[in-house]
Amino acid sequence: MSVFTGVRSTGPVSWLTTTDHKRIGIMYCVTAFAFFLIGGALAGLIRTELARPDLQFMEPNTYNGVFTLHGTIMIFLFVAPFGAGLMNYLVPLQIGAPDMAFPRLNATSYWFFAFGGVLVLFSGFASQGGGASMGWYAYPPLSGPRWSPGIGVDLWIFGVGFAAISTMLTGINVLTTAFLMRAPGMTMWRLPIFTWNAIVTSLLGVVAFPPLLVAASLLLFERRLDGLVFDPLGGGDPVIYQHLFWFLGHPEVYIMALPFFGVVTEIIPVFSRKPLFGYVGFVLATMTIGAYSVGVWAHHMYTTGAVNNPFFSAMSFVIAVPTGIKFFNWIGTMWGGRIRWSHPAMLFSVGFLLNFLVGGVTGVIVASAPLDYHFNDSYFLVSHFHYTLMGGSVFAIFAAIYFWFPKMTGRLMRERLGRWAFAFLFTGFNLTFWPQFVLGMRGMPRRVPDYPSDIDLEIPNLVSSFGVVIMSIGVLIFLWDWWTARRSGTPAGPDPWDGRSLEWSTSSPPPEHNFTELPRIRSVSPTLDTKHPELVPP
Amino acid sequence: MRRWLLAVAPAMLALASCSDGTTFGFPDAATEQGRRIVDVWGVFMIAAIVVAGIVYAGILWSLLRYRRRRTDPEGYGHQFHANVPIEIAYTAVPILIIIGLFLISYDADRDIRELHPDPDVVLEATAFSWGWRFEYPELGVVVVSPPATRAEPGPEIVLPLDRITRVRLTSADVIHAFWVPSFNFKMDAIPGRTNEFELTPVEEGTYRGVCAEFCGIQHAYMTFRVTSASPAEFDGWIAEQRAVGATTG
Amino acid sequence: MATTPGAAATERRVSPLLFGTVLFLASELLFFGSLFAAYFALRAQTVTWPPEGVQLDVVVPAIGTVLLVLSSVTFQVGLVAGERGRRSGLRAWIAATLLLGIVFLGVQIWDYTRLDFDVSSHAYGTIFYAMTGFHGLHVAAGIVLMLVILGRLAQGAYQDGRVESVHAIGYYWHFVDVVWIALFATLYLLR
Ligand code: HEA
Ligand code: HEA
Ligand code: CUA
Ligand SMILES: [Cu+2]
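Protein chains in written order, with our numbering: chain D, 1 to 538; chain E, 1 to 249; chain L, 1 to 191.
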């Protein structure tokens, strides 16, 4: 692992056996990012196939396996684990604790995730009798024994199951740490916003993954023990699976969003030289989002005719309000500040704001049941969730790397390269996904390797595929920057950006147990308070 | 420092691709129910553009107006971190907006999903892997797909114009979905369940239908066609089907 | 004024282990809650529930229920003994708990052999075996934990009433017990 991060260590074996939260955090992030590259490469295959009508180079069955793996990897093995990595790395540092509450459990979580990841890869690439090709939410009967007889789906179930258990265990660990291991003076209302978001994310992890495990287990019963819970011929009902799955599935999208709301909320105040506007409101909004997110799952099921559409529609609309509060907090923070906007961390944060807003507003559109009758399972929906996930969460992931890389490695990445990476990613992203809204409106369904030769569909598809080329250049620039900065980046010092929270009060990288000395904690910004005592609020 | 233009680009793109008439790029529907959806869409798009416009303006204005300049004094400016009236306002206004949006979509949803006690035509649609079986039980006519391929446009069904057709939708195996993009409407075909909805075509034409729920290898090719024609032509088509022996018997 | 990180530990009031255990049980609650939800969803959709031919006898599982409730009591008595530093009392009562757990599983398996439906008979059969089976696995895990306690006792652990981990295992064991009562009521009494 040290070869990926430049952090000096006493050898590769020490990474395999470590229980240090910082190392585990870095291992999470690096592994997850590797999965992003794999998932991104698969996205490249998808877009190549779709660049033109007709089949280019993939049989439908291959294509189905590719998008199944793409979705599964991105959701269960990239964004959520990257968030877990950041929580691992940052929560103890931000609250002034020497480590997580359960260091060994923490290492276990990581290895569960890594093992699950390997199983998922095998489910697609190397399985006998057909890989997993049933879509990332694996609806029965399609994922059942008759239509997916190969062992791909079984491997997929175990892989996702391990990743799910990993997230649950991490959640338990983060919550215990954040509630019980805070340094003296670090009251709940002085917790950095990232930690607050980690708390709510972890609660969701604890609540949302058990139903997924039940759904997956019952599916396994169905496949290997001739179970019938989802089979109408035996008195079962496939819709029950959908309820169980989406009871996880929707909170999962907030598990993939909240940590990154936290990330940009750490970055924007630092680069605007202003405290967060509306801290209390922000925390309450985060809790509200967490609470509501377990009550909206059936908005993925409007077209099943089996749920109360108006109720779930109303619940989904309500989530717009707390999310909106956050947007206004971010604007209020920048307002009247002295914004250093050209730093890559800040650029990616702004990119997050601009993209995520599109994703959020289109979320409200598909949350309206009548509109969803048209948009469900269309490219409009595909674009909605890429605007939230890729344009939102992943942009925030890049911001987080630019922001905390110096803390993790002691070296700076290069701002100029970062700006180029941003320019390519931002342009490429919007080129890829804006046309998909148009495709959805014009009736292009998702999960098809082929579409009619029709100019209305051809041009947006071609533009969309071209955008991936631009995005890939951005990713390559980023990789180059990161790879070289590990060894030869300028030394960063403990606090390269006048940081606010506690992690900037210790050396970069921090020592084994994080702090040799803690500053006095009088506000949400203890590090800044030490440098600028005149700014401490009375 | 012209790089901020990059940030404005998506907003401009947004306006550009939305400016083709009142439906903002949304297909105008060929059924009564679908037209209700277009109405909802118009309202949502206006709300979306207003909300996004305000938020984008706030973000971009802050970035431009308050960017750090070389002439700025070192250190920190005025440090405000809360303003209760403003916070209440930006909570309350979105609440009002979503109440409005909810009422509009609730009202439309009721109309769209309304089931009349005596529809003019009943159509029983059964999806299977990979094709469709359409039956008019009252008229004794059945249309079944040949096996789906890229070249095969799928079976054709006819619906009488300005008449209410009740569709009873189910599946024989995995989950499929009945989607006619020009009707702006889809519904899932789920084994063991029957979903009912009504279509009232108001515009003559032949429309492409697709299976929208992923159902395996031939999902992309599980297409069909719907023609809406005058009631007289509809009767003629039924008679023709009977003549070629496409009957239940 | 600067403080050293170690100070955090002295301020701590709640035991992290017990806190973490409660969180873990919260997720377990949702696990079984989801199974119950699936059960009731099926039940609401099915005309004859349980399906014809399903004969459930209440007496045998009732014996199991009594045994399991009893094992919660024996566990608690052992825990109190342990807290007072009486390691031999802890050993005896945990052994009794272990035994009761094993007998419960035996009764459960006996009950299984008398049923004339299996996992693949109908949806009811699947959910029945899924619910009781997952519960049985939890009892089995609890039995392993009892063995761990006994093993650590043999190594000289739990001196002077330091029985925090026994406490945590107790939370788990009582939880498994309560889940069984809910299962028994749902599957056998309420039908
Ligand atoms: C990070 C991930 C993420 C996030 C944050 C969201 C956020 C939201 N999503 Fe999205 N969603 C997904 C990821 C995400 N989604 C995925 C992956 C799927 C598809 C899964 C699949 O099928 O494969 C999906 C699918 C999906 C559906 C299902 C559609 C279908 O299957 O047919 C719906 C329906 O309601 C929905 C709604 C919403 C809503 C209302 C929000 C809201 O939280 C958005 C709130 C934010 C805002 C609204 C912007 C800011 C607010 C303001 C500025 C205030 C003022 C605004 C108003 C008053 C409107 N999403
Ligand atoms: C976090 C989640 C996430 C992310 C980041 C992405 C990222 C991308 N996605 Fe993905 N996507 C999903 C989650 C995500 N997706 C989900 C859940 C589905 C649904 C699946 C389903 O239906 O079951 C989906 C489906 C999906 C589809 C629809 C497929 C279909 O329905 O038929 C498409 C089509 O365009 C697509 C495209 C893309 C593209 C172009 C990117 C790009 O943003 C990717 C950018 C990244 C790169 C360009 C990487 C470049 C890498 C290199 C240059 C190095 C490569 C080298 C090595 C591997 C060594 N995605
Ligand atoms: Cu049938 Cu997709
Ligand atoms: Cu959702």
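No lab work stands behind these hints, which were simulated from the structure alone.
Treat each hint with caution, since some may be false.
[Unchecked claim] Not everything, but these chain D residues come out facing chain L in the computed CB check (under 8 Å):
{"#": "1", "residue": "F209"}
{"#": "2", "residue": "V214"}
{"#": "3", "residue": "F221"}
{"#": "4", "residue": "I470"}
{"#": "5", "residue": "I473"}
{"#": "6", "residue": "G474"}
{"#": "7", "residue": "V475"}
Backbone N, C-alpha and C fix where the C-beta goes; we use that ideal spot for every residue, glycine too.
Problem - Broken hints, by number - result: Per hint list: 4, 5, 6 and 7 violated.
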